[in-house]
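*Asks:* Sequence:
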Amino acid sequence: MKVVSVLITLAFLSGCATPPEKISSSYVSPLQYQNFSCKQIGAELLRVNRKILEITKVQHKEADKDAAAMGVGMILFWPALFFMIGEDKKEELARLKGECEALESAAIQKECELTKELEEIHKQREKYEEERKELMESTIDGREVD
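For the sequence shown, our numbering gives the first residue as 9, with consecutive numbering after it.
Quick caveat, the hints were computed from the structure, so don't treat them as lab data.
Treat the hints with care, since some could be wrong.
As a list, the in silico PhoX-like pairs of lysine-lysine whose alpha-carbon atoms are at most 25 Å apart [claimed, not checked]: (1) LYS124 - LYS98; (2) LYS105 - LYS59; (3) LYS105 - LYS141; (4) LYS135 - LYS30; (5) LYS118 - LYS135; (6) LYS47 - LYS98; (7) LYS69 - LYS47; (8) LYS59 - LYS124; (9) LYS131 - LYS69; (10) LYS141 - LYS118; (11) LYS47 - LYS59; (12) LYS69 - LYS141; (13) LYS135 - LYS65; (14) LYS47 - LYS73; (15) LYS141 - LYS59; (16) LYS131 - LYS65; (17) LYS65 - LYS98.
Computed spacing ranges between beta-carbons, pair by pair [what the hints assert, rightly or not]: (18) SER45 - LYS131: 18 to 26 Å; (19) MET144 - GLN42: 18 to 26 Å; (20) ALA51 - PRO27: 37 to 45 Å; (21) PRO27 - GLN132: 33 to 41 Å; (22) ILE116 - LEU143: 17 to 25 Å; (23) CYS46 - LYS73: 37 to 45 Å.
Note that this is a predicted model, so its numbers are computed, not measured.
Note that CB positions come from ideal geometry on N, CA and C, so glycine has one too.
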């Protein structure tokens, strides 16, 4: 019986959504951007970053939901583990991170000056991190959140 319980738990754990910060980038060749101008590389870098942040939000939400279901399921009510089957965006996020790296590599090869774009990306990521921190604090404080 214990073996079956362990196997079921492992099966559910493998279905958990991975936190976005633990997802590594997939390799994407920078060669696909070789015909892009520096302006096009900068615009694409901004677009990919916006998509990364969008998918990161979904992935955080799924990882948090899975963690809560796991806690409830393991302690109180094992059928709650079935709620862990969600919308894992791990592969898409890994690919987007790889695209971002490929764009940066293409920009370096072409000796592009992307200071403005990199500052914008930094601001977008900071804003997301602040929103995430506020959400976590409001959840801990017990305030109602969306």
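*Asks:* Look at each hint and say if it fits the structure.
*Replies:* These are the hints, each one checked on the structure:
Restraint check: the Cα-Cα separation between LYS124 and LYS98 comes to about 29 Å, which exceeds 25 Å; the hinted pair is violated. For the given pair, LYS105 sits about 10 Å from LYS59 by alpha-carbon distance, which is consistent with the 25 Å threshold. Simply put, LYS105 and LYS141 have alpha-carbon atoms about 22 Å apart, close enough for the 25 Å limit, and the pair holds. The straight-line distance between the Cα atoms of LYS135 and LYS30 is roughly 20 Å, inside the 25 Å bound, and the hint therefore holds.
Distance restraint check for LYS118 and LYS135: the Cα-Cα separation of roughly 30 Å exceeds the 25 Å cut-off, and the hinted pair is therefore not satisfied. Proximity of LYS47 to LYS98 is assessed by CA-CA distance (about 29 Å); at most 25 Å being required, the pair is judged violated. A distance of roughly 34 Å separates the Cα atoms of LYS69 and LYS47; the hinted pair therefore is violated under the 25 Å criterion. For the hint linking LYS59 to LYS124, the alpha-carbon distance of about 18 Å falls within 25 Å, and the restraint holds.
For the hint pairing LYS131 with LYS69, the CA-to-CA distance comes to about 22 Å; that is within 25 Å, so the pair holds. At most 25 Å may separate the alpha-carbon atoms for a hinted pair to count; LYS141 and LYS118 exceed this at roughly 37 Å. Only pairs whose Cα atoms come within 25 Å are accepted, and LYS47 paired with LYS59 is accepted, the gap being roughly 19 Å. Of the pairs offered as hints, the one joining LYS69 and LYS141 holds, with about 13 Å between alpha carbons and a cut-off of 25 Å not exceeded.
A C-alpha spacing of about 12 Å is found between LYS135 and LYS65, which places the hinted pair at or below 25 Å, so the restraint holds. A hinted pair counts as satisfied when its Cα atoms are at most 25 Å apart, and LYS47 with LYS73 does not qualify at roughly 39 Å. Straight-line distance between C-alpha atoms of LYS141 and LYS59 comes to about 20 Å, which keeps the hinted pair within the 25 Å bound. With a C-alpha separation of about 16 Å, the suggested pairing of LYS131 with LYS65 holds against the 25 Å cut-off.
Note on LYS65 and LYS98: the hinted pairing holds, with a Cα-Cα distance of about 12 Å set against a maximum of 25 Å. For the pair SER45 and LYS131, the beta carbons lie near 24 Å from each other, so the given range of 18 to 26 Å is met. Between MET144 and GLN42 the beta carbon distance is about 41 Å. The supplied range of 18 to 26 Å is therefore violated. Hint check: ALA51 to PRO27, Cβ distance near 29 Å, so the stated range 37 to 45 Å is violated.
Between PRO27 and GLN132 the beta carbons are some 19 Å apart, a value that contradicts the proposed interval 33 to 41 Å. Taking 17 to 25 Å as the suggested C-beta distance range, the pair ILE116 and LEU143 does not conform, at roughly 35 Å. Remark: the range hint 37 to 45 Å for CYS46 to LYS73 is upheld by a beta-carbon distance near 41 Å.
In this structure, the hints that do not hold are numbers 1, 5, 6, 7, 10, 14, 19, 20, 21, 22, in rising order.
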